[in-house]
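Colleague: Residues per chain, in single letters:
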Amino acid sequence: MNIVEARNVTKSFMGVRVLDDVTLDIALGERVAMMGPNGAGKTTLVRAVLGFYHLDGGTIRVEGCDPVKERVKVLENIGFIPQMPPPVKLSLSELLTFVHRSTGAEKERIIEQSEAMELDLKGHMDKPFFKLSGGMKQKLLIAIALAKRSRLLVFDEPTANLDPKARERFYRLLDSLDYEHSSIFITHRLEEVEGLVNRKIYMDLGKVVEDEKI
Amino acid sequence: MKNLALVAYLDIKESLRARWFYVYAFVFGGLMGLFFISGITDSVVMGFTGLSRLLLVFIQVTIIILPIFILITTVKSISSDRESNVLEYMLSFPISLKEYYWGKLLGRFATVFFPVIVALFVGVAWGVFKGGDMPWAMITLYSALIFSICSVFLGIAFLISTMVKSHDVALGLSFTVWILLLAFIDIALIGLMMQNRVSDELILAIAMLNPLEAFRIGAIALFDPELTVIGPVAYYLLDSLGHTFLMLYAVLYPIFLGVLFALFGYTIFKKRDIL
Ligand SMILES: Nc1ncnc2c1ncn2[C@@H]1O[C@H](COP(=O)(O)OP(=O)(O)O)[C@@H](O)[C@H]1O
Ligand SMILES: [Mg+2]
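Chains R and Z supply the protein sequences, listed in that same order. Counting from 1, position 128 in the first sequence corresponds to residue 298 in my numbering; the numbering is continuous, with no gaps. Counting from 1, position 17 in the second sequence corresponds to residue 110 in my numbering; the numbering is continuous, with no gaps.
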């Protein structure tokens, strides 16, 4: 079964083709490393999967649903970590409330996952998210994404702010997920995710130029 | 729609920590303070009590400050959420665009409406404490007028924020709308009137389409039922439109406009790329 089906996806920004006829299937259980130079269209492609863009051509289906028209259904099954931790002004306890109420993920689970990332949330709950250190933010975003137990995990360069030890811990957590899921890692360093992925995709100039199972 | 309340609630919590909110509350609270100190409440001018005069000054200041405050803070917060990718993250959760948009709007409404209302009530309480009567009719009308002016400018702010993605352009547009409604339309209309080429009725009708004008007339209408403050024009307006109609118009028209702008903004929000 395919979690993601992208057919001839085309998207331009101000006349520039950022996604150029991209066709891509991701099956349940596949873990994809997505690579390519800056500006290749990787972020744009995953944002399109998350329903942020109206396509100029082609279709995207996530478990059979249109990410724009059925965004709630689609996003219920996606855990997403953005490229940079955004400066969210909510306090941690508010952010956890938001996550819990919108997705059903228990706050306890998020706190557990944070502890597994060696991030202690106690004593920080009233702090605004943006005031945490870069590493702490990244760890919390990881904890939230994993606590949702989504069938599709989308990580846009999730380890940029992590030290090697934290990165190691993150990979171990991913490895220990005990349910069937697929994931997309956008990364510049294949060697880091090599043990985690079973497929690698290389994008350039808005096209998939290499796609290989490993 | 359970997430609508959630989005609104979190937006209020966020605003309560934001600097702009304190500046805003402080400006209106501070104005009240200034009025007391300058003794406006004690003065008796032209036959109406000091309390009414306090309200009038409050309304005049509101006409100038409230719109620009609502426009700038709202447009700024929405476009900076977009530019800093906060919007991307928050909308990667299963929240419908409807809940997000209208939740934000409700939250914003609460944070811009209540400080002004509180300031108004503090002013009235002071006046009553000083020996004035409790002006129920005025409080009701002025609360309604502030409600409607908040509606229209929030509607405009949300429309601008969804139409224009660039931070700077959105801010520039907000200033333009503000100065247009506040002064330029009036100046242009006066110019037209002096040329005597267009009928005065038409010019008045155009003036009344400006929500700030509607607000101004409504505010003054109760304050001075004969509308003498705004001169001979008042007789024409009163004659042709009637007092009750003017009041209803001043309250309902801006609300109607605000809802219209907000709805228009919502359709754009749904139809265009979010980021
Ligand atoms: N919302 C947008 N508006 C205009 N241009 C955009 C937008 N999003 C991305 N781009 C452009 O699209 C290109 C691809 O961007 P992106 O998908 O972020 O690349 P990558 O993630 O592979 O580095 C870049 O040239 C970028 O400037
Ligand atoms: Mg990118």
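I should point out that these hints are in silico values taken from the structure, not numbers from a laboratory. Even for Gly, the Cβ is constructed at its ideal location relative to N, Cα and C. Mixed in with the good hints, there may be bad ones.
Stated by the list, open to error - In silico DSS-like links for lysine-lysine, alpha-carbon gap of 30 Å or less:
{"id": "1", "chain 1": "Z", "residue 1": "LYS364", "chain 2": "R", "residue 2": "LYS277"}
{"id": "2", "chain 1": "R", "residue 1": "LYS239", "chain 2": "Z", "residue 2": "LYS223"}
{"id": "3", "chain 1": "Z", "residue 1": "LYS169", "chain 2": "R", "residue 2": "LYS297"}
{"id": "4", "chain 1": "R", "residue 1": "LYS297", "chain 2": "Z", "residue 2": "LYS223"}
{"id": "5", "chain 1": "R", "residue 1": "LYS297", "chain 2": "Z", "residue 2": "LYS106"}
{"id": "6", "chain 1": "R", "residue 1": "LYS239", "chain 2": "R", "residue 2": "LYS292"}
{"id": "7", "chain 1": "Z", "residue 1": "LYS223", "chain 2": "Z", "residue 2": "LYS95"}
{"id": "8", "chain 1": "R", "residue 1": "LYS307", "chain 2": "Z", "residue 2": "LYS223"}
{"id": "9", "chain 1": "Z", "residue 1": "LYS169", "chain 2": "R", "residue 2": "LYS301"}
{"id": "10", "chain 1": "Z", "residue 1": "LYS95", "chain 2": "R", "residue 2": "LYS292"}
{"id": "11", "chain 1": "R", "residue 1": "LYS301", "chain 2": "Z", "residue 2": "LYS95"}
{"id": "12", "chain 1": "R", "residue 1": "LYS243", "chain 2": "Z", "residue 2": "LYS258"}
Claimed, not checked - Among the chain Z residues that face chain R by a calculated CB cut under 8 Å, a handful are:
{"id": "13", "residue": "TYR115"}
{"id": "14", "residue": "VAL179"}
{"id": "15", "residue": "ILE367"}
Stated by the list, open to error - Example chain R residues on the side facing chain Z (calculated, C-beta under 7 Å, incomplete):
{"id": "16", "residue": "LEU220"}
{"id": "17", "residue": "GLU264"}
{"id": "18", "residue": "HIS270"}
{"id": "19", "residue": "GLY274"}
{"id": "20", "residue": "TYR341"}
Colleague: Run every hint past the structure and note whether it holds.
Modeller: Tested hints:
1. Z:LYS364 - R:LYS277: At roughly 34 Å apart (the allowed maximum being 30 Å), LYS277 (chain R) and LYS364 (chain Z) break the hint.
2. R:LYS239 - Z:LYS223: violated, 60 Å
3. Z:LYS169 - R:LYS297: holds, 23 Å
4. R:LYS297 - Z:LYS223: The hint is violated at about 44 Å.
5. R:LYS297 - Z:LYS106: Judged against 30 Å, a Cα distance of about 13 Å means the pair holds.
6. R:LYS239 - R:LYS292: violated, 39 Å
7. Z:LYS223 - Z:LYS95: Given pair LYS223 (chain Z), LYS95 (chain Z) is violated - Cα atoms ~46 Å apart, limit 30 Å.
8. R:LYS307 - Z:LYS223: The given pair, whose Cα atoms are some 54 Å apart, is violated under the 30 Å limit.
9. Z:LYS169 - R:LYS301: holds, 20 Å
10. Z:LYS95 - R:LYS292: holds, 28 Å
11. R:LYS301 - Z:LYS95: holds, 29 Å
12. R:LYS243 - Z:LYS258: Distance ~27 Å between LYS243 (chain R) and LYS258 (chain Z) Cα, so the pair holds.
13. TYR115: Violated, because the Cβ-Cβ distance from TYR115 (chain Z) to chain R comes to roughly 14 Å (cut-off 8 Å).
14. VAL179: holds, 4 Å
15. ILE367: holds, 5 Å
16. LEU220: holds, 6 Å
17. GLU264: holds, 6 Å
18. HIS270: The hint is violated - HIS270 (chain R) has no Cβ within 7 Å of chain Z, the shortest such distance being about 10 Å.
19. GLY274: violated, 9 Å
20. TYR341: violated, 22 Å
Hint violations for this structure: numbers 1, 2, 4, 6, 7, 8, 13, 18, 19 and 20, all remaining hints satisfied.
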